[in-house]
Structures are given as structure tokens and as C-alpha cells.
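Undergrad: For what it's worth, my numbering labels the leading residue of the sequence shown as 973, then goes sequentially.
Any given hint might turn out to be false.
The calculated label-pair distances, taken between Cβ atoms and stated as ranges, are [said to hold, decoys possible]:
no., residue 1, residue 2, range
1, ARG1127, ALA1045, 28 to 38 Å
2, ARG1173, TYR1003, 44 to 54 Å
3, PRO1022, THR979, 34 to 44 Å
4, ARG1199, THR979, 37 to 47 Å
Hints in this document: simulated from the structure, not taken from any laboratory. A virtual CB, placed ideally from N, CA and C, is assigned to each residue, including glycine.
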Amino acid sequence: MAAWFCTAPGRYLLAWEAQRFADAVADAFGYHALQLGLPELDTLAANRMPHRWLAAPEEQAPNLDTADAWPRAMDLVAHAAALPFPSASLDLVTLPHTLELSADPHAVLREVERVLVPNGRVVISGLNPLSLWGLRQGRAHLAARMGLTGTRWARLYLPEAGAFIGLWRLQDWLRLLSLEVEQQAHGCYRPAVRSERWLQRWAWMDRWGPWAWAPLGAVYFVVAVKRVRGMHLLGPAWRPTRAATAPAVVARRDGDPSAP
């Protein structure tokens, strides 16, 4: 996937995501932030937290040959579903295309929920299967299954690694983990062309896309907040009645020698 980000559509996508991440993390406060995956993009550049780490998922070995082109150095390599951080210790986690490249994206999301503090944020970007780019990728897979391998119809537009995760599916996962979606957006509405020249010719689609065909952007962007519901302590269901706690009344007869 690193090689694809060096192509014209890859640079176009990275430029859009860089701006979205900058807007999302600029006002996120706290002490500890983590970017998990995609070292080609510094998603925490606009954030002001004192401790910020860039981690590469263990199952997604980074290409060290391109490390000189990374915006920042790698801090650690960790298994995405077993992060080396205590529970409720991170204020912000960014996942740029991390889930779609993971073997178990739901487990990664559960781990992120574990390490986030209450009201901590997770920022996610992913490729949209219901887009012009996704349809072209699907056409290539269909042509390959039909035996048209080697033709232009079976030529992949996006990297072969990973699998699309629909936004509706991601929303269900977030809801199950008590991660409340705070904002979401789509971007990169230009057609699936390969040259910089043709991408520039279709630049007008980015101006009209958010209004005319908003859900069909090539990439989606989600910001979710970890909500922890408050607990209310309830008293015991049984409570002694007032009559039971009152002193007993003993009747006495006048002239009774045993009475006090």
C-alpha cells in the first residue's frame, strides 16, 4: 500500500486526509496520543499533546526502505489487538486505514476502546466500497474470477492488500463498544483515474460532491468518543416499615400487681 500512496490518486487521497485529521485533532486535549498505522501520514501533526507516538501494527510490517520519506520516525511496533498501554491511558487514537488492513478489525477496535480514557477520541479513515473507486476495484475482482486475468478489466485500481469495511458496518461496531460517533464525512469524489492531469480535470467534483452525492466519496472519515455511562447506587429493595421499628406497646390492667 505504501507504493500506491506514491501514485497520483494516492497523493490526492493523502492530501485530503491530512487536512481532515488536522482539523479533528487540533482541539483534542489530554496528555497521550497514539497513531496506529500508515507512517506515510502524520495524523498527529496538528495536535499539542506532550506525548505522541507513532506505532506500526505488527501484522503490517512497515517498509523500512521508504522510512526516509515518512513525516516522522516510528516509535514502536505493536500488535494492533494487544497494545502495550494500560487500560484508560490514552486520550486520542488515530486509525488511518488501520482497520481495513487488519486481519481482525473488530478486535483492534475493542483494544482501542480499552486503552481510551472516558471521553477519549478515536479518529478513523477508510476506503468506501460504495464509491467510484470501490466499484472499479470490485469490477477488477469480478473480471479476475471470470477468467479475464491479464486484461485491463482485471487491473486493480486500489492496493490488493486489505478489505473494504462499509461505513454502516463500522457504525454498528462503534455502537456496540459505546463509542459514540461525533462527526463523519466523505471525501475524494473524483473518478478512478490514474494520472494527475485527469484528476485535476475532475476537481470540480470535490466542490459538488458533499452536496450532490455525499455518501459516494472514495474515503470516509469518522470521529467517535468513548462514553462511560454513570452508575447510580440503589438502596436495598427491603426496608423495615415504620411500624416494625416502633417500640412495642404493652397493655396493662389497673390493679395488676405484676404491672410496674
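Undergrad: Hint by hint, which ones does the structure fall short of?
TA: Violated hints: none; all satisfied.
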